[in-house]
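Start from the sequences and build out the full structure, keeping to the hints where you can.
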Amino acid sequence: MKRKRGGIVSQLLMILLVVVIIFPLYFMTANSFKTHEEYVNNMAGLPQTFTVQNFVEAFRGKPFGQWFMNSLILTVAAVFITGIIALLAGYAFAKMRFKGKKVLFNMIVPLMSVPPVVMIIPQFRIIKILGLVNTRVSVILIYIGIMLPMTIYLMRNFMKTVPDSLLEAAEIDGCSKRKALTKIMIPLSVPALITSSLVNLVWVWNELLISLVFLQKEELRTLMVGITLFKGRFTLNIPVIMAGLVIATVPIVLIYIFAQKYLVEGMLAGSVKE
Amino acid sequence: MKTNRMKKFTPYFYILPTFIILAVVIVIPIIYVIIQSFYTTFANESVFVGLRNYKMAFEDELLLTALKNNLKLFLCVPILTVLSLAIASILYNKIRGWRFYRSVIFIPYILAIPVVGIVFSYLLQYNGVINSILRTIGLENMALDWLGDPNLAFPSVAIVIMWKQIGFGVVLFLARMMSIDKTLYESADVDGATWFQKFMHITVPQTKSIIEFYVIITLIEMLSWVFNFIYVMTAGGPGNKTLVLEYLIYKKAFGGGDFNIAMAISVVLLAIAAILIVIHQIVMRKEE
Amino acid sequence: MKKISVVLIAALVVSLLFGCGKSDDAKGTGKTTLSVWYWGEQEVPGYKAYMEEMVKRYEKKNPDIKVEAVLQESDNLYTAFRTAEAAGEGPDIQYMWGGTQAMEDVWKGNVAPISDYISEEELSVIPKSALAQTNWNGKQWGIPAYGFTYGIAYDKEAMRTAGVDPENPFTTWDEFLECCEKLKSSGITPLGMGLKDGYLPAWIGIFLGQQNMDSVNDMISLMSGQESFTDKKYSEWLEKIAELKEAGYINEDILSLDLYQGQQLIESKKAAMTLHTQPYAVSLEKSLGSDQIGFAKAPVFGTGKFADSVATPSQVYVIPNSAKHKEEAADFLLFLQEEDNIKYLYESANAMMPNNNFDESWVSSEIDRKVLEWQKEDNNFCYQLYFAPMFETDGLIPTVQKMFSEGLAPKDAAVELDEALGKCMEQNPEVHDAFLEWSVEE
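Chains as they are written, first to last, in our numbering: chain V, 1 to 274; chain S, 1001 to 1288; chain X, 2001 to 2442.
FYI, nobody ran anything at the bench for these hints, they're computed from the structure.
For every residue, glycine included, the Cβ atom is placed at its ideal position computed from N, Cα and C.
It is possible that some hints are incorrect.
Stated by the list, open to error - From the structure, some residues in chain S lie toward chain V, with a derived Cβ separation under 7 angstroms: (1) 1017; (2) 1022; (3) 1025; (4) 1090; (5) 1101; (6) 1104; (7) 1112; (8) 1119; (9) 1127; (10) 1152; (11) 1155; (12) 1227; (13) 1273; (14) 1274.
Unchecked claim - Just a sample of chain S residues kept apart from chain V, beta carbon distances all over 10 angstroms, derived: (15) 1038; (16) 1047; (17) 1049; (18) 1058; (19) 1065; (20) 1068; (21) 1075; (22) 1114; (23) 1115; (24) 1205; (25) 1249; (26) 1259.
Structure (structure tokens):
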């Protein structure tokens, strides 16, 4: 009996929370289908007229497809490479013995707190020396550098929880360190890898400042930079802005819905195996 | 012999890529920033000025304003942690539709900050949606200028940040709770423990390490990663009420004039971050 | 697992190659690529289309040159340039806002003198007054991108409803207040403005700030700290802002709107007047009709020689110090000054180029005819052009925002402006010296 009442309170709280979370999204989506006149008179309600004209307008003269591809390339490349490098380093810091291990690891951790805005100008100089100005590689490199400390930290802490006995057993079976990594550590680390990659993916996808400054070519612009164009210019017709935001948001929400199963399973599996 | 020597170096090969990239992308830039903070640039020439930039930075009350705002943002951390834990423990009881709730709560976390910023600035405008709803239901007095009022602008921004970040904590904690040994709860039930007792004596201790991780990450986010929110929503206004260190650095570095003072402020920000990290490591070491 | 990672790696490699390959296209063809980073669409609607047409025309004329024009966002115009320039990788041509906002980069060494690449004779098509803005140390540093005049755009319909003469709504401050009162009592918000992104305070200064000044020297004395904002001569305009605010003549949501959102309130009929630029007002005149949109000079309250001055500044193009194709850049900038092209600029974007070849017979808009008259009759002075470095971001913006958000009194605001100015000078001694030198020269 008692439990049920708790259930009702919980349900009410959760429904309230869902409303708070959904409302801005509902506002964005519903208004993207209204005419401007309707928006002025009916900001919060469902669209009565239901027009797709705003989407046509938002697409006009804006290479959404290209922006989207640019963001996708940067995100996939940066997140993937970060994952691989962090796996290697995390493994070394968690399971190998070598001189200066503690010191080196303690040097990496603080780097995750360095704000990107501080480093833009020196980074630009370095990118110039490397001859990478106005290339995707430059931005990918910077993203990797910014994400690595946090990812390594997460990986190393996760790998530490894998019992040494597993690795020792493998070594007795004649596995080299490298094999122990690929055959035992990597499969076991998939959950941590997924979790950290998700955090990284969201960050890169949404990153604005670095791509804004480093990619000075129309054909390299990312989706986020494209969206900020909506901030200044189309303010009169709010439904068009909302349509633009919807176009930018739908892909990532779709990816989320599709990948959610793997994500949650990954996180759960990681916790259970411990 | 040869293989043995090789073996000695193997770990370094594993960490080599990391150190190359970090050196190029973070360490060298930091050194550059530190050096530049002692110089001033004029007509393409750098002149050594000692501590002048630091002196000016500290004499400027904007630094203090920004610092205070960052510290105020730290208040979001306990709120976020407690809220996430509470929501996660409600979902942990597998109430009806918990999977759905979990999915929905996570959505804001994956949205882009410019998108969130633009949508919320329309919601929170003085003649925006929230106020129009408040006015229609007769709460005229509650319809305030959420981003324009000096006392409300900062809390409004903080709430938007929390709205966006809450999902990560919930999903993180929930995943960890799911892995807690069920028998712990069962034996507590036998002892007649209340929900709160179980929460304090089983859930919290069992999720402690992940909570620590979450707290430190969120603290760092509030110090070093809030630039985009401020940039999109308020540009530091009204009257510097939402100015944070990152935005101050951005303004000084790119707004004309004193680029090198921006470097000095950057060093201050780095120092605070370093202190946070040291505290974190001391806490961790104590536990070990 | 293995298969997936192989596929991912393959995809990654392809994507990276794709990324680099594309950016190297221009180099491969042996053409000279001229990069132009510009702005302007925000205040001069149609400027982007104009620039695209100019690029087309120029490439046709010079088949071995490829022009890459990138439109910048307001917030990013200087950020991108200064970052790139710090690394010696700036564009070949950079757009800048006029006055100190361009000169700061000159003083910092980010800009190459344009007079090294364009002869005095070639520059002589541009009026001296327009060149003076970016003349320093005996050299010319910038060349006008376009000129524009500030004014108050108003909704004639609203004026008619309120019983104000829509052709001549006000000239003095008292008439302006009367006009506002009439509008307000017929249920129309008189002034629509947006203060959130911080561009507005300098705009208000351009309309009201100079009114007690007699000469440019007054402004320089103020900005060099010899005079004080606490002197009523320099701060009366702050009182006028407070007056409008207290009377309820300004839209209530001023603090939650950006500059452009505030201006667009007259298009959505939520306000009767706004501070605007002539090209934008003309574009409204063309789309809504000249019986709908009017354009007026700022109301006069001051007693200085500049009381009824009009601001007609020009935005400029500069050649960055690190530009790789300075000769070509100069050639392109001169190309923009050719008669056909300034005509196209006027036709497509309503912006008048400060150029002796600008032909007044092209003008068909009523607003533009009026503006041409102002330009001939009145003093030309633009308050913002003489701001000391950093004064706007560190002083003017937060102070005016506080007047609206915290009810900061004009007297206290004047004190804050003095303090902020002092701080700017102290923090930038070298740049400030150059600033004084430049403004005195003029």
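Now for the hints, and whether the structure bears them out:
no., hint, in the structure
1, 1017, "5 angstroms, holds"
2, 1022, "6 angstroms, holds"
3, 1025, "3 angstroms, holds"
4, 1090, "5 angstroms, holds"
5, 1101, "5 angstroms, holds"
6, 1104, "5 angstroms, holds"
7, 1112, "4 angstroms, holds"
8, 1119, "5 angstroms, holds"
9, 1127, "9 angstroms, violated"
10, 1152, "18 angstroms, violated"
11, 1155, "15 angstroms, violated"
12, 1227, "5 angstroms, holds"
13, 1273, "4 angstroms, holds"
14, 1274, "6 angstroms, holds"
15, 1038, "15 angstroms, holds"
16, 1047, "18 angstroms, holds"
17, 1049, "18 angstroms, holds"
18, 1058, "18 angstroms, holds"
19, 1065, "17 angstroms, holds"
20, 1068, "17 angstroms, holds"
21, 1075, "18 angstroms, holds"
22, 1114, "5 angstroms, violated"
23, 1115, "5 angstroms, violated"
24, 1205, "15 angstroms, holds"
25, 1249, "6 angstroms, violated"
26, 1259, "8 angstroms, violated"
Figure legend: structure checked against the earlier numbered hints; hints not met, in rising order: 9, 10, 11, 22, 23, 25 and 26.
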